[in-house]
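A.B. asks: Hey, can you work out the whole structure from these sequences and the hints?
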Amino acid sequence: MCVLGTAHIAGKVYTWSFGWPAEAGVRQDQPVRFAIGPTRFELPLNLIATAFQKRQALGSDAEFETLRLNLQWSSSATDGGDTGWTTPAEIQVELESNPGRESLRARLDPFYRRLARGGEKRGPAGLKVLTLSARRATATDLIVYDPAVQNGFIARCRKEPSSGTARCHRAIVFA
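Taking the UniProt record's numbering, the leading residue of the sequence shown gets 1, the next gets one more, and so forth.
Source of the hints: derived by calculation from the structure; they are not laboratory data. None of the values given here were measured: they were computed from a predicted structure. Please note that a few of the clues may not be correct.
[As the list claims (entries may be wrong)] Label-pair ranges, simulated between beta-carbon atoms:
| id | residue 1 | residue 2 | range |
| --- | --- | --- | --- |
| 1 | SER162 | VAL129 | 34 to 42 angstroms |
| 2 | ALA51 | GLN72 | 14 to 22 angstroms |
| 3 | ALA49 | ARG136 | 28 to 36 angstroms |
| 4 | PRO124 | SER60 | 39 to 47 angstroms |
Positions of the beta carbon are idealized from the N, C-alpha and C atoms, including for glycine.
C.D. replies: Right, here's the structure in full:
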């Protein structure tokens, strides 16, 4: 009976020690250093979205192919300007190293303009909007871009009709 009890306790200790989050004793605002491809970064640990990637970032010489971040954009982010937001907006950022991947901008003319329904529409701040989805789709897929600047702003957004809010994907290339 003693042997079984000791084995059970040893099993529990083993499970707890490997199940305990590695970042539990670390301050969440502690900066961590890591690389994504050839680019080096230093960011607070609490910006990293997943527990698995947080544990990786705590290791020495942490390298990622893709890293997901969760950020909050609050109404106080602008200098005293009222943004009209009542709650902070959550921004999900994915940092990726994939040199062979074609950018959204490179796909604008050969794909997105041809797939667009109804041609270009005017958007905010001089941007242009292309609608990609069918009329009665459950959500609207949009391409929003700056036509005045070569390799300028471009994002792919999915607008939900029920709330009117859109989630956008924006690629930023570090050269």
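A.B. asks: If a hint holds in the structure, say so; if it does not, say that too.
C.D. replies: Structure-based check of all given hints:
About 20 angstroms separates the C-beta atoms of SER162 and VAL129, a value inconsistent with the hinted range of 34 to 42 angstroms. As the Cβ distance of ALA51 to GLN72 is approximately 18 angstroms, the hint placing it in 14 to 22 angstroms holds. The beta-carbon spacing between ALA49 and ARG136, approximately 34 angstroms, falls within the hinted interval of 28 to 36 angstroms. Checked against the hint of 39 to 47 angstroms, the pair PRO124 and SER60 passes, with Cβ atoms roughly 45 angstroms apart.
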